[in-house]
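Student: Here are the chains, one letter per residue:
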Amino acid sequence: AQKVTQAQTEISVVEKEDVTLDCVYETRDTTYYLFWYKQPPSGELVFLIRRNSFDEQNEISGRYSWNFQKSTSSFNFTITASQVVDSAVYFCALSEDYGSSNTGKLIFGQGTTLQVKP
Amino acid sequence: DGGITQSPKYLFRKEGQNVTLSCEQNLNHDAMYWYRQDPGQGLRLIYYSQIVNDFQKGDIAEGYSVSREKKESFPLTVTSAQKNPTAFYLCASSHGLAGAFGELFFGEGSRLTVL
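Chains as they are written, first to last, in the numbering used here: chain A, 62 to 179; chain B, 96 to 210.
Don't read these hints as lab results, they were simulated from the structure. Nothing here was measured: the structure is a model prediction, and the numbers come from that model. Hints should not be assumed to be uniformly reliable.
The calculated DMTMM-like cross-link candidates involving lysine to aspartate or glutamate, where the alpha carbons are at most 20 Å apart (straight line), are [as the list claims (entries may be wrong)]:
1. A/K64 - A/D79
2. A/K99 - B/E167
3. B/K104 - B/E167
4. A/K99 - B/E203
5. A/K64 - B/D154
6. B/K178 - B/D125
7. A/K64 - A/E78
8. A/K77 - A/E105
9. A/K64 - B/D133
10. B/K152 - B/D125
11. A/K178 - A/E78
12. B/K109 - B/E203
13. B/K166 - B/D125
14. A/K131 - A/E105
15. B/K104 - A/E76
Pair ranges (Cβ atoms, derived) [said to hold, decoys possible]:
16. B/K165 - A/T91: 18 to 26 Å
17. B/S102 - A/V146: 43 to 51 Å
18. B/N123 - A/T141: 35 to 43 Å
19. B/Q136 - A/T81: 21 to 29 Å
20. B/S102 - A/E71: 40 to 48 Å
21. B/F196 - A/E87: 37 to 45 Å
Which bits of chain A does chain B cover? Going by a derived footprint, with three or more residues having C-beta under 8 Å, they are [stated by the list, open to error]:
22. 77–87
23. 91–103
24. 118–125
Note that CB positions come from ideal geometry on N, CA and C, so glycine has one too.
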């Protein structure tokens, strides 16, 4: 069965520290998609990244980077030199590819609340 | 600006009342979704619609109903049959089906409190 686990419920760091948010997933399919979303206090989920299961290259976008490892079923997210504005709830999500039976459904982890203190 | 508009942002309801949450998008997306978020939990899918006049139950559809009469609109009704309706409700849309064809775009959510 599909499952996404974010074991870290809350993380607190001081500004400028690096922080890694963990995401472990379970899937029976060979084709799937992984996502990270940010939920600031306003409530709206903001899309950060989408990665398909065949692309294991790590990605960097500014202070954000993602480490995708199929061998350990993990898709971890690192923020370098964290800032107060990074304080939010971060969700990892999984979508499987069922071909013609696709629903577009995303399975979300429980979320990790990141607090960055000045 | 293109986006998803949810209303109302906050809603209070007495037990036994039905309430309808509005979701409108001007992104010209085909697919729309309703998710429920409870404290400390991830998002759970209530209903989704891939095309006008068609919708499917998600994982927690009991006590909810939807309609999709227009491409832009996907209202959610929380009925009195929903045993624990207090939650944060998020509407989302995607150009094609999310996953293979891209990501979900979310509205700002509606917070429902049952008194």
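Student: Please flag the earlier hints that this structure goes against, numbers listed from lowest up.
Tutor: 1, 2, 6, 7, 8, 12, 14, 15, 16, 17, 20, 21, 22 and 24
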